[in-house]
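Undergrad: What follows is the residue order along each chain.
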Amino acid sequence: MTGAGERLVVVGAGAAGARALRALTADGYAGELHLVAAEPDGPYYRPGLSKQLLSGAQDLDQLRRTMVVDPVVRRHDSRAVDLDLDAGVVRLENGTGLGFDRLLVASGSVARTLQGIELTGRVGSVDDPTQVARVRSWVASAASGGEVAEVVVVGAGLIGSEVASTLAAAGARVTAVDPSLTPLAKALGSHVDALARRWHDEHGVRVLLGRLVTSLTQDEDGVSVVLDDGQVLRAGIALIAVGVRPATDWLAGSRIPMTSEGAVEVAATLLVPGHEHVAAAGDVADWPSARLGRRTRVEHWAVAVEQGAAAAYNLTHGEPRPFDTVPMFWTEQHGRLVHFVGHRAPDSEWIDVTEGELPRGGRVVAAVSGGVETGYLLVQAPQLLRRYQQQAAGT
Amino acid sequence: MDVTVDQELCQSFAICVGLAPDYFELDEQGELVVLRSEVDPDDEDTVGEAALICPKQAILLAGG
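Residue numbers (the working numbering), protein chains in the order written: chain A, 1 to 395; chain B, 1 to 64.
Hint data in this document are derived by calculation from the structure and do not stem from the laboratory.
Be aware that one or more of the hints could be misleading.
What the hints assert, rightly or not - According to the in silico footprint, chain B covers these stretches of chain A (three or more CB under 8 Å from chain B):
no.: 1; segment: 60–73
no.: 2; segment: 301–309
no.: 3; segment: 329–338
Claimed, not checked - So, partial list: chain A residues that the calculated Cβ filter (under 10 Å) puts toward chain B:
no.: 4; residue: Arg19
no.: 5; residue: Pro47
no.: 6; residue: Gly262
Glycine included, each C-beta is placed from N, C-alpha and C at the ideal position.
Please put together the full structure from these sequences, using the hints given.
TA: Dropping the structure here:
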């Protein structure tokens, strides 16, 4: 692999894109490397928006430290708007037509929005750093003035739940609303869903489940959130965290095979069948996992990082290797560290397999399907992560 | 290349321990310990991956 005389374009400066570029430079790729970064002032650690940035533990500059782009990579601060596969050109919003010999689609996700609700003033989205920083300073200034900031978080899934716990820790009075009765079950399984509800309760976060927001209006003093049962929630600010969808609008009409949810359908090598000079990695990649025995798509930073490295290798080497992984997720809810390694099914049983007494009240809970332990949930037990990663990999 | 961990930021998620056990370890109290700060050129890719993944963005790389 030399790559001399050719050009590889990475669209997306998140986990997958950053990791791919590092793998390529470490591997001595000799072609030109280009990065299309949609963030206005360069890449940053996006998961930090709902955590470090919202809590005030780190600012945006600190969240850029690990995302620094190697000087050999040419960065284009714009977003991809179109792909012409025949011509081999990605068109950018700033007018640039960027020719490529190889292309990595790593454009990640965009936050979903609520129809008819504008993100201005007292209503913000959790995926916008400016809006997150504004909520942060508003909550902090209320706290320093001896007042309690009231916040409505729309969405109580993984991110909504993290946001609610971060804001509660900052002293805000939080109400979270979600149409699902088990909002965390999809991302983290039914066991965490139940645990999180208990933790929210203990920390004074009010969670209204099975409720839709029918209108959200703002005035000089605050926001009014109307639910489908007629209930009106009044708060100083509302933060929208209703999930994400693949950021693949720019691929529409390009002949790249897509799933119904807008992800790129790739082979086990993460290469696009019939267009092996194109790969996808991260949130946008829908891939067949041999371990799972079906196609899957994972929206998590760690898997995106692994896929970025694998896609970079397969795009630039003659004998591509199938990608597979034992996925690992983590979240932090009300100060508790939660890890999950392996797989689980909607009907998994959760069985406590904690051995002896663990520090910090740690628990290990196995996801069991058909009598087999397929994954492990660690609650406050990071010291056991490596062991259970190995155990999950062996099953 | 040198690796350090900002102990103020680190919450011992231990993702790095799984990725680069030659460099990171949790002690008996669950505190993260950097086993060696000088990164072998062969390990730069792996330690860089740990820094990129770290949930608290507490792993800092300098030089090299």
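Undergrad: Run every hint past the structure and note whether it holds.
TA: Quick rundown of the hints versus the structure:
1. 60–73: Holds: 5 residues of the segment 60–73 of chain A have a Cβ under 8 Å from chain B.
2. 301–309: It holds, with 4 qualifying residues against the three required.
3. 329–338: As far as the segment 329–338 of chain A goes, the hint holds, because 3 residues have Cβ atoms under 8 Å from chain B.
4. Arg19: Nearest chain B Cβ about 6 Å off; hint holds.
5. Pro47: holds, 7 Å
6. Gly262: violated, 26 Å
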